[in-house]
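FYI, the numbering for the sequence shown is 2 to 243, going by my numbering.
Be a bit skeptical, because a hint or two may be false.
Keeping only pairs whose Cα atoms sit at most 20 Å apart, straight-line, the calculated DMTMM-like set for lysine to aspartate or glutamate is [unchecked claim]:
hint: 1; residue 1: Lys-80; residue 2: Glu-107
hint: 2; residue 1: Lys-227; residue 2: Glu-205
hint: 3; residue 1: Lys-129; residue 2: Glu-117
hint: 4; residue 1: Lys-129; residue 2: Glu-156
The hints are simulated quantities; they were obtained by calculation from the structure and are not laboratory data.
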Amino acid sequence: MAAVKKDIIGKLQEQILNLQGFKPERNAHGIDFGLGIISNAFPGNAFPLAALHEFLATNLEDAAASGGFISVLLSTLMKKGGLCLWISAQRKIFPPSLITFGLSPERIIFIDLQNERDVLWASEEALKCESLTAVVTELDEISFAQSRRLQLVTEKSRVTAFVIRKNAEKLSSTLAAARWRISAMPSGAIDGLPGLGFARWQVELLKVKNGIPGNWMIEYAAGVFKPVKQVPFNDLKIRKAV
């Protein structure tokens, strides 16, 4: 009985998504990004491909964390081949560091331009290229109209777009399928020594089209994301007192 009920609910959810205009990517369910419980936030539990993902990174630490998180996603997307363009006017990512997240920097074409206008133009043109797997763009700001242009292009070419926004004072609404904020967290100690553990991030999914926003602390280890149990604030105070 429970299985029948679950099947009925699943079909109803699928019908609702269709009415809302959601078009699941053909191969989305065949790709495991290792996101674990985060996948439950997406419609159909599938990471949105051929869509615009927006990352808010208003300081250097968040920019580095966003770059690392995106690199893990790219390493999965590009397992079967393909190329990615990383376009910016003030690039913050250090290419050799991508190896830490399972991504070979030789497979990324870095394009450094003079101004934001050129970055936007190059990103839109790159997203038209169906032979690319993804395009990463670093920008200070992007308007709703500009995000709409990028989203329309991705829907046609089926290329996934990642936009890292850096200006905290100009966070306008966009047409992104998902809005993220990735913050760096202290890693776990190894043999009592802090700072030597695996990368940890606070992942906030602030908005997701047809999905459920959420907040998780995760650790990237052995090629997958692992949830980190967060200690309640009251417990921390008790431990310090002891």
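Here is how each hint holds up against the structure:
Restraint check for Lys-80 and Glu-107: satisfied, since their Cα atoms lie roughly 14 Å apart, inside the 20 Å limit. Restraint check for Lys-227 and Glu-205: the C-alpha separation of about 15 Å stays at or below 20 Å, so the hint holds. Restraint check: the Cα-Cα separation between Lys-129 and Glu-117 comes to about 19 Å, which is no more than 20 Å; the hinted pair holds. As the CA atoms of Lys-129 and Glu-156 are separated by approximately 10 Å, the hinted pair is consistent with the 20 Å bound.
Taken one by one, the earlier hints all hold for this structure without exception.
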